[in-house]
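**Student:** Residues per chain are reported as follows:
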Amino acid sequence: MDFWKGAFVSLRHTKHYFRAVFLIIGALFAFFIVRAFLLPGSFGEFGYYRGDNVAEQMAKPVRFAAREACADCHGDIWKTHQSGSHAPVQCQNCHDALAVHFDVEKGEFIGKMPIQRTSKLCLRCHDDLPSRPDGFPKIDLEDHLKDIPDAHKPEVCFQCHQPHSPKIGDQGPVTRDQ
Amino acid sequence: MNKKEGKIDEKPEEMGRRDFIKKGCEIAAGTMFVGLLPFKSARAEKEVERIPRPEGHPDYNWEDHLYAYVIDTRKCIGCGMCVQACRKENNVPEGFYRTWVERYEVSAEDAIKVDSPHGGENGFTADTPGFNVSKGYFVPKMCNHCSNSPCTQVCPVGASYKTKEGVVLVDDKRCVGCGYCVQACPYGSRFLNPVTKTAEKCTWCYHRITRGLKPACVQACPVGARMFGDVKKEDDPVRKILAKERIQVLQPEKLTKPTCFYIGLDKGVR
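Just so you know, the sequences run in chain order S and F. Under numbering that gives the first Met the number 0, residues 0 to 177 are what the first sequence spells out, in order. Under numbering that gives the first Met the number 0, residues 0 to 269 are what the second sequence spells out, in order.
There may be inaccurate statements among the hints.
As the list claims (entries may be wrong) - Taking CB as the label site, the calculated pair distances span:
1. F/Thr195 x S/Gly43: 45 to 53 Å
2. S/Thr117 x F/Asp126: 19 to 27 Å
3. F/Asp265 x S/Ala26: 54 to 62 Å
4. S/Glu154 x F/Arg73: 30 to 38 Å
5. F/Glu233 x S/Asp71: 25 to 33 Å
As the list claims (entries may be wrong) - To give an idea of the interface, some chain S residues facing chain F are shown, with a C-beta separation under 10 Å as derived from the structure:
6. Gly50
7. Asp51
8. Pro60
Derived by calculation from the structure, the hints in this document are not laboratory data. Every residue gets a Cβ at the ideal spot worked out from N, C-alpha and C, and that includes glycine.
In isolation and in its complexed conformation, chain S is listed as follows (with noise of 0.2 Å):
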């Protein structure tokens, strides 16, 4: 008699913990309707992050062309640029991003392109630094221009060069227009 005594009393407490499971099962619903409303709609698509995050990575505008843009319009340069030893450096390190000059999907021209005509755009690579691979083409500018007059003027450097094709005798020194 004492056994089912017991099994009624246990029995009789066990309601408590139904009661307590119910609840923390009515909690995790909650949390997990409350999370839904929360979360953004793409958040887990591909993993713990909102998935339409992606696309919109995808979509943000290029501004800087593919090096050879440049030729659809300026051909000429582009070909003495292309044959002379500035080749591997791309227009737009010297000038700008094309997206300042040209709108390319709407066809339409946005402004003129920036260039700094000073040595010290090309002291930026050819200044002789220590830390400069040897090699490369690098110049001690008092030495360089020990027998140049007017050695002092910022546009030095393209008395004898041209920027686009600099081997002095590839072309002629720089003009205005090009």
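Position chain F against the provided structure of chain S, taking the given hints into account.
**Tutor:** Coordinates of chain F only, in the frame set by chain S:
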């Protein structure tokens, strides 16, 4: 306490606690089963249909690519064109850098000077390290797009993630700007954008590479010190370099498994 005692205080028209919980659970269970079934099937359809693609490239499939980056420090001349191109392409705010170039000057006695004025954006000029420079070199740096990326692991809101092509990106609409990822990156590649107040970093120009272009920094490099490729393409030059050359990564002891590889790193570089 038995059933009868429990009902003493109860008014007949009101619902008891027990009934309330019971009803609540029934409704919740019902909602779940009704709600879950169509939801799941809609999701399954979505996954089949949806592959993210850039506009005008219907054949792009991100499962077909796995990108890698190689930097040859022996070639770098420190012109900083890459840093400039990155800022223009990605509209990086002044004073912050997604990529930068460091100049190392080392003496025969192992004294070392490292500097990176404006991230190398305006190039480098002669400086006075205070010792005779016996060797010097430039090291371009950027996000290493680690396979085992600490930055994505610490993000509490799922804003930072790795795409299937191996590119680590930040969702600026989801980012709350807590800065955990900025702290977690051992390479210092991330920063909080002062305008948007969200984390920002190199994306390998995700908008360019998915359209078949090179990242802006790679295209800008005049000496080919920066190379970008796809290791899932058989005749890819970067894949060949990874297979044949002696390559290194930055801070290998961190076990982050970078997918940005270096050639010719000196021991002083971290």
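**Student:** Output the indices of the hints that this structure fails to meet, ascending.
**Tutor:** Of the numbered hints given earlier, the structure breaks just one, which is hint 1.
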